Amino acid sequence: MTIPYYVSPERIMQDKAEYARKGIARGKSIIAMECQEGILLVGENPSRSLNKISEIYDRIAFAGAGKFSEYESLRKAGIKHADIKGYAYGRDDVTAKSLANAYSQIIGDIFSQAIKPLEVEIVLTQINDDQGDEIYRISFDGSLADDKGFTAIGGRSDEIKRFLGDRYQERMSLKEALKLSSDALKQVNNYEVGVDNLEVALLDRQRKNRRFRRVTCDEVRKLQKE
Amino acid sequence: MITLEEAAESSFFSLLLKGSPHLLPNYQAVDLTHPAWKADVPEGTTVLALKYDAGAVVAGDRMAVEGFHVSDRRIEKVYAIDDSTVLAIAGAAGPCIELVKLFKTELEHYEKIEGVSLSLEGKANKLSQMIRANFPMAAQGLVAIPLFVGYEAGAGTGRIYKYDVTGGRYEEISYHAIGSGGRDAKNTLKKLYKDGLPKDDAVRYALEALFDASEEDLGTGGPDFFRGIFPTVKVLSAKGISDFPETQIRETYSAILQGKEIRA
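From first to last, the protein sequence lines stand for chains A and B. Those letters in the first sequence? Residues 166 to 391, per this note's numbering, in order. Those letters in the second sequence? Residues 155 to 418, per this note's numbering, in order.
Only chain A is shown next, with the shape it has when bound in the complex (with noise of 0.2 Å):
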């Protein structure tokens, strides 16, 4: 009989965490910001198809960085758990803040238990019409946070953060937001990144029931122009 050699608790979760660190270190950076006229996600995103960005439900939108299989998978099961909810109660009764704590359970149990963790972080935004709009940030140990204004995920989010932190305003324009994200992953990544691998989408306040839409090229290019 072969002695398993001791590793302590401590050491095994070390090596974990930094194994997560370093495969989302590797994905690219999505920003989430407040603005007027709604929630804008903005994202570096070669595919046109493949994408990082998307609905969940009427209010809510979802975002992955990391590693694109297993956000996937994160992404499909928000949906059934937001539609089966939404179908067996009310439509209002689908929240955020529900799906976000079911996403930290799953991904932290998945993190101390299976030997490979989720090379993930995701983020979970809703937009609410009376009172304040909300930021879900889940990392890849499960651990939940809720922002304020803004928030980034992914390589650089970190240096994305300090970033906005200086220069974020309240009230701010679809087109400045736009604009002040644009600059964000210039500055960490060194080289602007054109408007062809940028993935933009918007909880439009504006409209009625699925809020949630795809701002196209052109309309990004129509942005930057004004």
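Don't take each hint at face value.
Stated by the list, open to error - So the derived label-pair ranges between C-beta atoms look like this:
1) B:Lys414 - A:Cys382: 56 to 64 Å
2) A:Lys187 - B:Ala293: 57 to 65 Å
3) B:Gln294 - A:Asn293: 40 to 48 Å
4) A:Gln201 - B:Phe289: 49 to 57 Å
5) B:Asp237 - A:Gly297: 51 to 59 Å
6) A:Met178 - B:Asp397: 57 to 65 Å
7) A:Arg336 - B:Gly221: 53 to 61 Å
The hints are simulated quantities; they were obtained by calculation from the structure and are not laboratory data. Predicted, not measured: the structure shown is a model, and the values here were computed from it. Every residue, glycine too, gets a C-beta built ideally from N, C-alpha and C.
Keeping the supplied structure of chain A fixed, place chain B upon it in accordance with the hints.
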């Protein structure tokens, strides 16, 4: 995490069947053939659809009856499912309304999971499967039969699908009507319908057909000037789905009734 089979699944209906069957209607354990049940289920309807030069018009009356009693005078039978399709329902009200809610969630769920909408053919096919799943209930008398109408952007026309209780799907090329007054409404449409109708004519013919059905069928409500309740009309076109304004429906009915008075 999730299996390959689960990952490929983009149907909300299957999701409920597997994970939450208690959320789906299931009356199989109840003997619905007992005569006492029959009278308590609201039913009776006329809904119809016809094509016009830039899409399709779908209309329905507002009455629901339980046996010989009026159950509801303002029930809604024509529903917008998404930006390009409409479902008009006939049969037992409970299962019908459940079918609408389920089908609406089904299409939205698919669109969100896959990132693209189902094709019109795909939607019509999915609806077949859902009606087929309802067959055990239909066999006991709880029939839920829809008329499915969609706007096909590529062809620039509306398309009308009718169904039977077994989930059989048949496409109609110009018009169709279902429900207890469906045959009467169809007779009227048969006399009036022409290819390439302008929108206002199509709406007028739809309202006239519903009026004729309401005269012949006890389960179909006509225009109710006393309470201000009128049939509802939805118009499908390249611009999406719009409700035909109630004030114009009222005016159209005034004109139709005046014409009948002169003839009488």
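Which numbered hints does this structure break?
5
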